[in-house]
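Colleague: Chains Y and U, in that order, are what the protein sequence lines are.
Quick note: the first sequence uses our numbering, first residue 1, plus one each step.
Quick note: the second sequence uses our numbering, first residue 1001, plus one each step.
I should point out that these hints are in silico values taken from the structure, not numbers from a laboratory.
Be aware that one or more of the hints could be misleading.
Claimed, not checked - Partial chain Y-side listing against chain U, Cβ under 7 Å, derived:
hint	residue
1	34
2	39
3	41
4	114
5	118
6	124
7	132
8	208
9	209
10	210
What the hints assert, rightly or not - So these bits of chain U aren't anywhere near chain Y, every CB distance computed over 10 Å:
hint	residue
11	1185
12	1268
13	1307
14	1312
15	1316
16	1335
Just so you know, even glycine gets a beta-carbon here, dropped at the ideal spot from N, CA and C.
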Amino acid sequence: MRNVRAIWRREVGSFFASPIAYAVATVFLVFSGLIFSLNITSSQEASLRGLQGTIGIILLFLAPVLSMRLLAEEQNTGTIELLLTAPVRDVEVVLGKYLASLTLLAGMLLVTIFYPIILYIYGKPDLGPILAGYLGVLLAGGSFLAVGLFCSSFTRNQIVAAAVSTGVLLVFWFLNGAAQNIPAPANTIVRYLALSEHFNDFNRGIVVLQDVFYYLSFIAIFLFLCVRSLETRRWR
Amino acid sequence: MERWPQLLNPLIRPAGLVGLFALIVAGIFYLIDPKLELYIRPLLAIGVVLVAAFLVGVSGELRLLMQGRGARYGTNTGIMIVAFVVSVFFANCLVIRVNQRWDVTESSQFALSPQTVKVLQGLTRTITVTAFYSPELSDRAAKDLLKEYSNRSERFVLQPGSDEGVVDPLRQPALTNKYNVRQDGSIIFEAGSDKQTVSRVDEQTFTSAILKVTRGQQKKLYMLVGHGEREYNDFRETGYGEIGQALRDDNYVIESLNLVLSSTVPSDAAVLVVANPARTLADAEKVAVADFLRKGGKALFLLEPRTRTGLEEVLAEWAVELRDGIVVDPASSLREDPSTPVVQRFNFTDITRDLGLAFFPRTMVISSPVEFGTVITPARSLDQLISVEPLASSSAGSWLESNPDQAQFNAGEDLPGPLPLAVQVGPAAFLRGAREPESPRRTRIVVFGDADFASNRYLSQAPFNNRDLVANAVNWLAEEEDLISIRTKPRDVRRMFLGPLESNLIFISSTVLLPLAVLVAGAVVWWRRR
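Chain Y with its partners taken away, still in its complex shape:
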């Protein structure tokens, strides 16, 4: 655990020092601010309901940019060897880096507290769906980052990492649309695998256990794959 924290701290420090994090956060806030203000001025409804769907897509494109650096850069500069030979387990490396990117995501979302505050100033929003919505975005965003981390682990090139993760995320996000052309019962399984399939209930105000579990499973699988990917470096 100590190791995880050390890596986490180092990585978070790296993030805040790099321009990428601020660029991503700015872009994110511009887009979500735009959608938020357009939404509430046209619907006149004190809720974040139109917003969270769009935030999902925005994050889908931004998360790979955040996570592309995490392992690709180490491989590029050669520090990966140091990392892997240090008395640190691969799992700890992965967890530390992942939690760092998650911290950044949480930070960005924290800034968006501004929106519910506005809702409270001008109206009486329902708190439950707002909190549930944030939970959903955090889980989905966490899934995006897990994919990003994994893709960053097998290439030296950050751009390739970002591109491949974006591709993978797009496929998983839109999988439910493709499921229409697959005969039953396979299509229910394919639909279940889609990232977007589990996203929409949160901001309605319903926390569905299987949605939460799905995202946690998704994250677990990709972090697991990431650890295995690091492991293979030892004998590649």
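Fit chain U to the supplied structure of chain Y, relying on the hints for placement.
Modeller: Frame of chain Y; chain U shown alone:
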């Protein structure tokens, strides 16, 4: 084999990559639309060829790899991954089965009442639901509620191919025709050959529709014939073809009833409909109708002014009084015709709950010798407690004109408004919804002073709701005593009022100021590090 790749060696790896990429793209195209063969086939071919060439080209290296230590580790890793993924998959299946969900909205918007849950879990037939919404109409409430319903039961199925149950009527003309959809925002519940159409999105309406449609038997409406009444398969201007069709769409069966031939009203009659008899009923027929009502029968009367039907005594038994004449309402009527009152405000009853406007071309007054709302016991039906309530009234500036040649209010001759134009007779208000221990028979009667408003010509003129008025009346009359009553939860919409100043403020602060703050923070950090 290991020699000729010397030339191609640098190309082998990228070739394999390109081949793999081609296969993936072919797969994606297939998922999007299996019929895109023009693209899929060549991509598939290229992919297969390149990947095969790659495998051949690296076959030597592969062989070495297979034998090495790396291969053992590789297979180990592969097995571990598969095992992990499979276990996670099974864990997910368990969680799905548990099916736990938490409604965190303040008003528990999405929690279904226990009655609905019971109905859903007890379903033995499969119900297919289709909601017809054009893009202009908001379908969110419908989708939300339908989703809650479909989550509780595998037999509650949303129309395959629809967007969470919603279908755009313009894009699916076949479905629109199949269900005879006339109105935007209609939701059809179908079980086998039984269908029920609703337009309100609330639990009461949905669950009632489910109950009706799974009942397996349809309710029968008998329309009296033999006196020149309006007919349900008559599609001329004065006919009742349209409303007949609407009621059949609502899962009713309609038959004609000739009380001269059959001396009583059949026992399977859910509702007796008397639609504007133009001649007087025979005594025997009046007796049959009166008996039917006394035994707890339900009837709808659509009568016209200045027409003798002989039903006055039958209705008088139930405290309904007909006041003949023509209601003139210059303050609230159809444009050029003061004797066609337009009713804008209805008396609040189950029948008129959500109605907007209706109009009645030439109507008389339906009133009561007792005050509206008083609980009385009909003389021949001592076990019933009923009350008479008005449904629709003309405005205060109206009057009942007894002399049609003079379109002028004459005090003494003419009756001043506001005047009731239709009434409902039913179980006294305090009994509604409660289960009576004895007396399962509860007579219900609805009387309209006009029959034209339901004819083909006037039934569906927007923006008037004549059709809903009739349909609601029939539904109220046919309502089973044991259909559940669910307290409707009002939709929880949190309104805000944002004027142009606030809107601009919000826009600027969210889209510009907030990101700017972050950018500035970044700049500060960067500056510090220099």
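Colleague: What are the numbers of the hints the structure violates, in ascending order?
Modeller: Hint 2 alone not satisfied by this model.
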